[in-house]
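2 protein chains.
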Amino acid sequence: MVRKDIIVLKFGGTSVGDIDKIKRVAERAIKSKNKGKGVVVVVSAMGDTTDSLIELAGAITQKPSRREMDMLVSTGEQISSALLAMTVQEKGCECVSLTGGQAGILTDRFYSNAKILNIKVDRIIKELKNDKIVVVAGFQGININGDITTLGRGGSDTTAVALASALKAKYCEIYTDVDGVYSTDPNMVKEAIKIESLSYDEMLELASYGAKVIHLRAVEFAKKHNVKLHIRSSFNDIEGTWVMDDFEKDMRMERPMITGVTYDVGEVKVSVFGLEDRPGIAADLFGRLAEKNINVDLIVQNVSEKNLAAISFTVKSEDMELAEKTINKIENINVEMDKDIAKVSIVGAGMQSHPGVAAKMFSLLAEKDINIEMISTSPIRISCVVKKSRVKEAIKALHSGFGLEK
Amino acid sequence: MVRKDIIVLKFGGTSVGDIDKIKRVAERAIKSKNKGKGVVVVVSAMGDTTDSLIELAGAITQKPSRREMDMLVSTGEQISSALLAMTVQEKGCECVSLTGGQAGILTDRFYSNAKILNIKVDRIIKELKNDKIVVVAGFQGININGDITTLGRGGSDTTAVALASALKAKYCEIYTDVDGVYSTDPNMVKEAIKIESLSYDEMLELASYGAKVIHLRAVEFAKKHNVKLHIRSSFNDIEGTWVMDDFEKDMRMERPMITGVTYDVGEVKVSVFGLEDRPGIAADLFGRLAEKNINVDLIVQNVSEKNLAAISFTVKSEDMELAEKTINKIENINVEMDKDIAKVSIVGAGMQSHPGVAAKMFSLLAEKDINIEMISTSPIRISCVVKKSRVKEAIKALHSGFGLEK
Numbered sequence: 002m003v004r005k006d007i008i009v010l011k012f013g014g015t016s017v018g019d020i021d022k023i024k025r026v027a028e029r030a031i032k033s034k035n036k037g038k039g040v041v042v043v044v045s046a047m048g049d050t051t052d053s054l055i056e057l058a059g060a061i062t063q064k065p066s067r068r069e070m071d072m073l074v075s076t077g078e079q080i081s082s083a084l085l086a087m088t089v090q091e092k093g094c095e096c097v098s099l100t101g102g103q104a105g106i107l108t109d110r111f112y113s114n115a116k117i118l119n120i121k122v123d124r125i126i127k128e129l130k131n132d133k134i135v136v137v138a139g140f141q142g143i144n145i146n147g148d149i150t151t152l153g154r155g156g157s158d159t160t161a162v163a164l165a166s167a168l169k170a171k172y173c174e175i176y177t178d179v180d181g182v183y184s185t186d187p188n189m190v191k192e193a194i195k196i197e198s199l200s201y202d203e204m205l206e207l208a209s210y211g212a213k214v215i216h217l218r219a220v221e222f223a224k225k226h227n228v229k230l231h232i233r234s235s236f237n238d239i240e241g242t243w244v245m246d247d248f249e250k251d252m253r254m255e256r257p258m259i260t261g262v263t264y265d266v267g268e269v270k271v272s273v274f275g276l277e278d279r280p281g282i283a284a285d286l287f288g289r290l291a292e293k294n295i296n297v298d299l300i301v302q303n304v305s306e307k308n309l310a311a312i313s314f315t316v317k318s319e320d321m322e323l324a325e326k327t328i329n330k331i332e333n334i335n336v337e338m339d340k341d342i343a344k345v346s347i348v349g350a351g352m353q354s355h356p357g358v359a360a361k362m363f364s365l366l367a368e369k370d371i372n373i374e375m376i377s378t379s380p381i382r383i384s385c386v387v388k389k390s391r392v393k394e395a396i397k398a399l400h401s402g403f404g405l406e407k
Numbered sequence: 002m003v004r005k006d007i008i009v010l011k012f013g014g015t016s017v018g019d020i021d022k023i024k025r026v027a028e029r030a031i032k033s034k035n036k037g038k039g040v041v042v043v044v045s046a047m048g049d050t051t052d053s054l055i056e057l058a059g060a061i062t063q064k065p066s067r068r069e070m071d072m073l074v075s076t077g078e079q080i081s082s083a084l085l086a087m088t089v090q091e092k093g094c095e096c097v098s099l100t101g102g103q104a105g106i107l108t109d110r111f112y113s114n115a116k117i118l119n120i121k122v123d124r125i126i127k128e129l130k131n132d133k134i135v136v137v138a139g140f141q142g143i144n145i146n147g148d149i150t151t152l153g154r155g156g157s158d159t160t161a162v163a164l165a166s167a168l169k170a171k172y173c174e175i176y177t178d179v180d181g182v183y184s185t186d187p188n189m190v191k192e193a194i195k196i197e198s199l200s201y202d203e204m205l206e207l208a209s210y211g212a213k214v215i216h217l218r219a220v221e222f223a224k225k226h227n228v229k230l231h232i233r234s235s236f237n238d239i240e241g242t243w244v245m246d247d248f249e250k251d252m253r254m255e256r257p258m259i260t261g262v263t264y265d266v267g268e269v270k271v272s273v274f275g276l277e278d279r280p281g282i283a284a285d286l287f288g289r290l291a292e293k294n295i296n297v298d299l300i301v302q303n304v305s306e307k308n309l310a311a312i313s314f315t316v317k318s319e320d321m322e323l324a325e326k327t328i329n330k331i332e333n334i335n336v337e338m339d340k341d342i343a344k345v346s347i348v349g350a351g352m353q354s355h356p357g358v359a360a361k362m363f364s365l366l367a368e369k370d371i372n373i374e375m376i377s378t379s380p381i382r383i384s385c386v387v388k389k390s391r392v393k394e395a396i397k398a399l400h401s402g403f404g405l406e407k
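Here the protein sequences line up with chains A and B, keeping their order.
Using the working numbering, the first residue of the first sequence is number 2, and each one after it goes up by one.
Using the working numbering, the first residue of the second sequence is number 2, and each one after it goes up by one.
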């Protein structure tokens with residue numbers, strides 16, 4: 002038997018939101034199979050199932066055990082995968098649904114935010130050889146004890162990419178409710194254009210708004226294991242956005258200087274004053290935050306005065322309280338939180354060969370009289386923190402200033 | 002460590018119908034634990050969850066694969082068990098929920114109607130040793146391939162009894178929405194009284210209406226493995242009905258002649274005319290029905306005329322069509338179906354030592370001018386098939402005639 006190309010298709014919650022939508026997903030899966038592919042479909046829970054389950058738990062306790070939450074919410078994907086399998090079968094095509102555990106997805110022990118350690122693909126391979134479409138419940142796995150774990154929000158993307166990697170799939174298609182990745186948020190700037198292809202690094206940098214399209218962790222996984230991604234709409238047949246190796250992308254198109262403009266209004270600025278200015282202080286501060294699993298983004302250390310340092314950084318809004326509580330355990334310091342901030346970023350692998358991109362960004366913002374409070378850069382991204390009220394203006398100025406509209 | 006007595010508590014769908022009810026279940030479980038018991042709780046799905054899931058599948062196909070149905074509906078019990086575990090934890094008591102598979106319940110391969118082959122209790126024992134209340138999702142197990150199977154409707158009772166047996170539990174409490182087993186249906190006869198204790202055989206015979214209280218298969222399992230049952234209400238603390246070994250029951254109370262009057266309106270009478278009157282014909286007929294998994298109840302073979310036999314029997318209403326189709330494959334016969342029938346039975350281990358019980362039953366019915374269409378007997382039961390329209394009258398006459406009211 003010639004081994005078929007395997008492809009992995011992933012459908013999010015809105016794509017399987019009701020029975021009619023599930024029927025469309027089934028048709029798409031069958032179409033791919035009829036083209037001679039081995040088809041593995043990863044599904045999220047239907048629409049707001051997960052939220053309803055979380056709400057049920059919320060009526061019981063404000064601090065449910067993570068193990069029991071995983072036991073609870075993992076049923077959402079089990080339901081949608083069983084329904085999809087039935088739908089495929091009803092259309093005359095053999096199909097089987099598998100929970101994360103049945104699909105061989107072994108994770109670590111961190112309930113609610115588990116990481117995939119290993120995938121035993123024997124069962125999936127066996128079912129594919131039997132000419133079946135295999136539907137896998139996304140977002141979940143089991144740990145070494147056989148207990149159900151979930152991969153955290155957006156974890157279905159990670160399931161799909163990890164399966165694509167383990168199965169050596171030709172590519173992984175992420176079906177979503179948008180046509181692909183845009184040069185910026187079309188809700189903010191109507192001139193936003195769809196990007197044909199992106200490198201993994203660009204996708205990672207764009208993911209601050211791109212998280213709605215594909216989860217950051219999934220892109221990291223795809224990059225590490227070189228899984229080609231195709232982000233596209235589940236409601237039409239239009240070609241979406243390909244995310245692939247930088248080199249392969251270079252072969253296909255001339256590189257523009259800037260690929261996209263992104264923003265994030267979900268962070269707060271934390272300023273810590275009165276830190277002793279000696280080695281190890283920053284390590285202690287961020288060590289305490291890391292211990293509480295608080296991700297820190299932009300960090301700026303101010304010039305030291307009277308031997309005391311001030312450090313500012315941003316954290317996710319939902320981590321604000323925990324961050325404040327954690328930092329306040331350090332003696333003799335003051336903490337200030339600023340919720341009125343937004344982060345605007347320009348992203349593009351092309352900026353590496355175009356000097357002066359940062360200067361251009363700063364002057365485009367200055368022209369609009371927008372004050373920059375913090376700056377951070379990566380080789381392919383420049384981010385500025387501005388007042389939240391100015392974020393739309395900033396995005397428009399950058400999108401147009403860098404010529405992304407044409 | 003002294004090994005504690007283990008008890009198994011089973012709560013049906015109405016007992017875990019909403020968060021408030023789940024809280025009451027949690028309190029009951031904790032109360033039992035505080036009395037020094039090792040507590041295992043088996044739960045059904047919340048209220049009409051299972052029906053909602055079946056409805057979802059019904060919107061997709063009229064003939065869903067049984068494997069996928071089990072994958073789908075098993076989520077109902079997983080949800081309720083996770084919610085109960087959270088509730089127990091919220092009340093400050095350690096608890097863990099387990100799916101059927103995690104609880105070690107291994108079944109055969111017959112999806113939707115699987116039988117328990119074996120229970121590996123290691124995991125439950127480990128959790129009990131850690132002083133946890135263990136919540137097990139009822140109604141489900143896994144087969145040798147790790148695929149989810151369900152035990153059929155009422156299967157949570159079987160889960161509870163099977164666990165009680167495997168764990169050598171002291172007894173198994175079946176919590177339901179009635180106070181126990183009654184001498185007849187209180188909705189039919191307001192003078193019905195609660196029975197203090199029953200033998201397994203009596204419970205089995207009563208189960209034609211008793212199915213609402215406990216599933217037949219669970220009683221059979223309890224009898225085979227001598228698991229003492231306590232059927233009681235989840236809404237009060239009143240002592241319910243004990244079901245136990247005949248001998249033990251005899252020690253406790255003087256045996257009444259008749260324990261209860263039951264009825265069943267869910268059957269149809271099938272009459273087959275024109276069968277050749279030779280050995281093997283009945284075996285062929287009922288063999289065909291057994292092959293289709295159709296359970297046959299009362300059987301009456303009429304006197305043979307012109308070397309042709311007629312056989313009447315009853316089957317469950319839902320099997321009527323399949324039965325007709327199956328029988329019609331036999332050549333040269335006629336089939337008649339009669340839906341207008343009901344079965345009335347009197348049950349009591351005491352009747353073995355009281356001759357004339359059958360005669361009394363027939364005359365009580367005759368007094369009311371109720372015609373008897375079919376009769377069947379077991380050592381502790383006599384059943385008569387009557388017109389459906391006369392069933393209430395028949396029950397009242399028997400309940401009062403055998404002195405069950407006092």
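Please keep in mind that the hints were generated in silico from the structure rather than gathered at the bench.
The structure presented is a predicted model; accordingly, all values stated were derived computationally and were not measured.
Every residue, glycine too, gets a C-beta built ideally from N, C-alpha and C.
Careful: at least some of the hints might be erroneous.
[To be verified] Here are the in silico distance ranges between beta carbons for each label pair:
hint, chain 1, residue 1, chain 2, residue 2, range
1, B, LYS121, A, ASP49, 31 to 39 Å
2, B, GLU332, A, ASP132, 38 to 46 Å
3, B, LEU118, A, ASP132, 26 to 34 Å
[Stated by the list, open to error] Here are the simulated PhoX-like pairs of lysine-lysine, each with C-alpha atoms no more than 25 Å apart in a straight line:
hint, chain 1, residue 1, chain 2, residue 2
4, A, LYS92, B, LYS64
5, A, LYS32, B, LYS64
6, A, LYS64, B, LYS133
7, B, LYS64, A, LYS133
> Can you name, in rising order, the numbers of the hints this structure does not satisfy?
Replying inline: Of the numbered hints given earlier, the structure breaks none, since each of them holds.
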